[in-house]
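**Q** Spelled out from the first residue to the last, the chains are:
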Amino acid sequence: MVSSCYITFPTTFFAIRAESVLKNQPYSFKMVPVPRSISSSCGTALRCSCEDISALKNILLQNDLELEGFYRLEESGLKTPVATTLDLDH
Amino acid sequence: MNKKLNLYFDNAATSWPKPEAVYGAAERQMREACGNPGRSGHTRTLEADRLIYRTREAIGRLFNIPDPARVVFAYNATDALNIVIKGFLEKGDHVLYTAMDHNSVLRPLGRLRRDQLITTTIIPCSFQGFPDLEYLESAYQPNTRLLVINHASNVTGTIAPLKEMIDSAHKRGVKVLVDTAQTAGVLPIDVQNDHIDFLAFTGHKGLLGPTGTGGLYVSPGNDLKPLREGGTGSQSELDIHPESMPERLEAGTMNSAGLAGLLEGINFIFDVGIKEIQESELKLRKYLYAKLQSMKSLTLYGPSDSNQAVAVISFSIENTDCGEIGYILESSYGILCRTGLHCAPLAHQAMGTFPEGTVRLSPGFFTREEDIDHLVHAINEIIRFTTG
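Going line by line, the protein sequences match chains A and G. If you count by the numbering used here, then the first sequence holds residues 52 to 141, one letter each, in order. If you count by the numbering used here, then the second sequence holds residues 342 to 729, one letter each, in order.
One chain only, chain A, in its complex shape (with noise of 0.2 Å):
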């Protein structure tokens, strides 16, 4: 099984924004769009991995986006993946 874990934005100029804010920072992501197992206000999300998300969460927060919400996906062969709301809070 493979995971991997996605960032919302509540629209695509956070999205955008967040892309130029992390270009720079020694993480590797990528701006996809959202997948259809995830409710998002905006149709492109940051895919990570999931060791990173917390720490990009916090370089863009540190930057003022908004964000919406924090998700992992599980993949198996060609079956619809699960989605679930990771609280990064705690």
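Just so you know, the hints here were simulated from the structure itself, not pulled from any lab data. Mixed in with the good hints there might be a few duds.
Listed next, the stretches of chain A that the computed footprint assigns to chain G, with coverage defined by at least 3 CB atoms under 8 Å from CB atoms of chain G [to be verified]:
#1 57 to 63
#2 73 to 86
#3 92 to 102
From the structure, some residues in chain A lie toward chain G, with a derived Cβ separation under 10 Å [as the list claims (entries may be wrong)]:
#4 ILE67
#5 ARG68
#6 ASP115
#7 GLU117
#8 GLY120
#9 GLU126
Glycine included, every Cβ here is placed at the ideal spot set by N, Cα and C.
Once you've looked at the hints, dock chain G against the given chain A.
**A** Chain G only, in chain A's frame:
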């Protein structure tokens, strides 16, 4: 017979030529990166999103706006002025504006006044186009909420005393809307140092971009009521437009081809340097003004000191219709300018040129001194012809 030229002296209407990169970027955006920004999530959409974001950042850098979320795109300065005027004012408000203001300010305010939503007071201006600051001091009312300042007149080029006017308004808690249609890209503007609450800009004049681009800056803490609502590509399940900036004030598909061009126009300004552009236009205005000043039967309007103006000059010739002068300049000499009232009727009343208007000459960054020599030669011939 004179050889017909192709000389453009109408940069105050729209700048021409544009830097070469502006044409290329607009075309490339349509040919290669054409996705609907914010909508589909595929790579072309993302490319369009990134382009719009970079253009927001460039506008931010140009006007010293720290947060690109406060930069909103619109069709032009008129659109931006409407967004502020109709999104900020409420029933019972009083508004101050000056006689140098353009119809893009006079008309939206006129609509709200006729609908009995607001009251207004016009600050009179001198013959040279400077607002009467003493009058301004006495014009505030307890319900005054907004002062509109035309940073530079599109008729005379007169630069308004921005700092004094903004200080005056802020002392009374009145917000300021600055119309930079004639100054963005030509004069240094710093929203933080100048304490500007709202700034309207256009993309196709001093910023050297395509028509159909422009926008506004909204300072933090001033949330405007949106003038238009609709698709943004986000929060699509709600029938309420997103509250967060900049989407709050933007709706519908963005002009990404235009904004691609605008970004290159602004990059050109960064490359050359705004100080250098200002110097170059100042030199052209001084040169043109001095030549015109020496002509008999020609009346010049606006400041005689070119340091107090952008590169816009208005004139008239005794007993000669200004429209006729414009027609002869184009048909016999291939020189393009603008004649008439220039959408600023109150400015012409202040100068005593209403309703006949003036001939307006507006050189730009790409105008050469020899172009001005050709222009001056043509005007001299017209004077000789019309005054016998």
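**Q** Now tell me, hint by hint, if it's right for this structure.
**A** Checked hints:
no.: 1; hint: 57 to 63; in the structure: holds (count 4)
no.: 2; hint: 73 to 86; in the structure: holds (count 4)
no.: 3; hint: 92 to 102; in the structure: holds (count 4)
no.: 4; hint: ILE67; in the structure: holds, 4 Å
no.: 5; hint: ARG68; in the structure: holds, 7 Å
no.: 6; hint: ASP115; in the structure: holds, 7 Å
no.: 7; hint: GLU117; in the structure: holds, 6 Å
no.: 8; hint: GLY120; in the structure: violated, 13 Å
no.: 9; hint: GLU126; in the structure: violated, 18 Å
In summary, the numbered hints that this structure violates are 8, 9.
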